[in-house]
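Chains as they are written, first to last, in our numbering: chain A, 1 to 207; chain B, 1001 to 1093.
If you are wondering where the hints come from, they were derived from the structure by calculation, not from laboratory data. Fair warning: there could be bad hints in the mix.
Claimed, not checked - Okay, the calculated beta carbon distance ranges per label pair:
id : chain 1 : residue 1 : chain 2 : residue 2 : range
1  : B       : 1069      : A       : 63        : 38 to 44 Å
2  : A       : 118       : B       : 1037      : 46 to 52 Å
3  : B       : 1019      : A       : 172       : 33 to 39 Å
4  : A       : 173       : B       : 1067      : 30 to 36 Å
5  : B       : 1084      : A       : 78        : 26 to 32 Å
6  : B       : 1012      : A       : 37        : 37 to 43 Å
7  : A       : 110       : B       : 1008      : 17 to 23 Å
8  : B       : 1037      : A       : 63        : 17 to 23 Å
9  : B       : 1019      : A       : 174       : 40 to 46 Å
10 : A       : 166       : B       : 1081      : 32 to 38 Å
As the list claims (entries may be wrong) - Here are some of the chain A residues that sit facing chain B, going by a computed Cβ distance under 10 Å:
id : residue
11 : 92
12 : 165
13 : 166
14 : 200
As the list claims (entries may be wrong) - Which bits of chain A does chain B cover? Going by a derived footprint, with three or more residues having C-beta under 8 Å, they are:
id : stretch
15 : 82–90
16 : 150–162
Quick reminder that beta carbons are idealized off the backbone N, C-alpha and C, glycines included.
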Amino acid sequence: MTTAVTTANEASGVGTANFNDGDSPPLRAVDHGAMWVYIVGDLFIFGGWFVFYLVYRASEQTIFAESQAHLNQTFGLFNTIVLLVSSWLVAMCVNAARASRYNEAARYAWLTILCGAVFAATKLYEWRSRIAEGRSFTSNDFFMFYYFLTAIHLFHVLCGFIVLGVLLRNLQVSALRAQVVIENCAAYWHMVDLLWVVIFALVYLLR
Amino acid sequence: MATRTHLTIILVLLVSVTVLSWYLGTGGGAHPTAPNLAISAAVLFIALFKVRLIMREFMDVGTAPAWVRRTSSAWLVLFFAALFVVHFTVTGN
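Just chain A, same shape as in the assembly (with noise of 0.2 Å):
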């Protein structure tokens, strides 16, 4: 059936709409403004810690692949896919949300923060595990980089509990609700997300 909707907050971009019950609209993306901007930005910091960390794994090739082999990449796996899960729970949230179904958005937006605690649990129980075997962020070059791209990547996770319990008051209280505020949320949880998928495949499986 073909409802025609205005969803939560005309003045953040997103107008009236027809859709299908139980679909998205098919509405372009709110202007996400200021938030595109950090993100670009933390693209490009990350980026070039990338390829630092390659250029050293390039002078020091043994010693990265040797270290490399004491980490748990199973861990890594399930990490990434808790991670890829969380950002379709977001992506959901804000399908939910287009749809103004607040209360389904809610729910996704809930588990998507359980996935961000289960990521963040089992990165201290990783780090716990390789500190109790020797190696620490002091150990080599490898370590290092192994600690502070982690350690990065997971402040921005902890940050993230913050913008996604901002999603879920948006969510929760009418008088709050903007659809700009809900996507900005969302757009932040994504590249939480993606920044990890390369942090794995770097860190975890080049060879």
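Starting from the known structure of chain A, arrange chain B on it as the hints suggest.
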């Protein structure tokens, strides 16, 4: 933003290539340490594919302002090109 079915198909695709990448990188769980040019290339290409997919399908970069589309594409090209060049020419694997 696409339909729920479309988003779920994208997730299944992302998870599938992630498992493939893990399988290649770890030698199916054997954890070899010897450098391998083909596997490194595959791991980097899969990461590039995943990042592109997340940007296009989840972040809606395709419908974002033109400067965002151009800058995010530039980031992908610039940094993945740099990663390939550094790993395959400087490393000499």
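Each hint tested on the structure:
Checking the proposed 38 to 44 Å range against residue 1069 (chain B) and residue 63 (chain A) shows it holds: the Cβ atoms sit about 40 Å from each other. The given range of 46 to 52 Å is broken by residue 118 (chain A) and residue 1037 (chain B), whose C-beta atoms sit roughly 35 Å from each other. Separation of residue 1019 (chain B) from residue 172 (chain A) is about 36 Å and conforms to the stated range, judged on CB atoms against 33 to 39 Å. Take residue 173 (chain A) and residue 1067 (chain B): their Cβ atoms lie about 32 Å apart, and the range 30 to 36 Å holds.
Between residue 1084 (chain B) and residue 78 (chain A) the CB atoms are about 27 Å apart, so this pair conforms to the stated range of 26 to 32 Å. For residue 1012 (chain B) and residue 37 (chain A), the hinted distance range of 37 to 43 Å is not satisfied, since their beta carbons lie about 32 Å from each other. The hinted range of 17 to 23 Å is satisfied by residue 110 (chain A) and residue 1008 (chain B), whose Cβ atoms lie roughly 19 Å apart. Against the hinted window of 17 to 23 Å, the Cβ-Cβ separation of residue 1037 (chain B) and residue 63 (chain A) comes to about 19 Å, which satisfies the hint.
The supplied range of 40 to 46 Å is met by residue 1019 (chain B) and residue 174 (chain A), whose beta-carbon atoms lie about 41 Å from each other. The hint said 32 to 38 Å for the Cβ distance between residue 166 (chain A) and residue 1081 (chain B), and at roughly 36 Å that hint holds. Annotation: residue 92 (chain A) was flagged as interfacial toward chain B, and the flag holds, the nearest CB pair being 6 Å apart, inside 10 Å. Among the interface hints, the one on residue 165 (chain A) is violated; its C-beta lies about 20 Å from the nearest C-beta in chain B, farther than the 10 Å criterion.
Given the 10 Å rule on beta carbons, the hint for residue 166 (chain A) is violated: about 18 Å separates it from the nearest Cβ of chain B. Annotation: interface hint on residue 200 (chain A) holds; nearest CB of chain B at approximately 8 Å, less than 10 Å. For the stretch 82–90 of chain A, the assignment as covered by chain B holds, since 5 residues bring a beta-carbon within under 8 Å of that chain's beta-carbons and 3 suffice. With a cut-off of 8 Å between beta carbons, the stretch 150–162 of chain A has 0 residues touching chain B; three or more are needed, and the interface restraint is violated.
The structure is inconsistent with the numbered hints 2, 6, 12, 13 and 16, although it conforms to all the rest.
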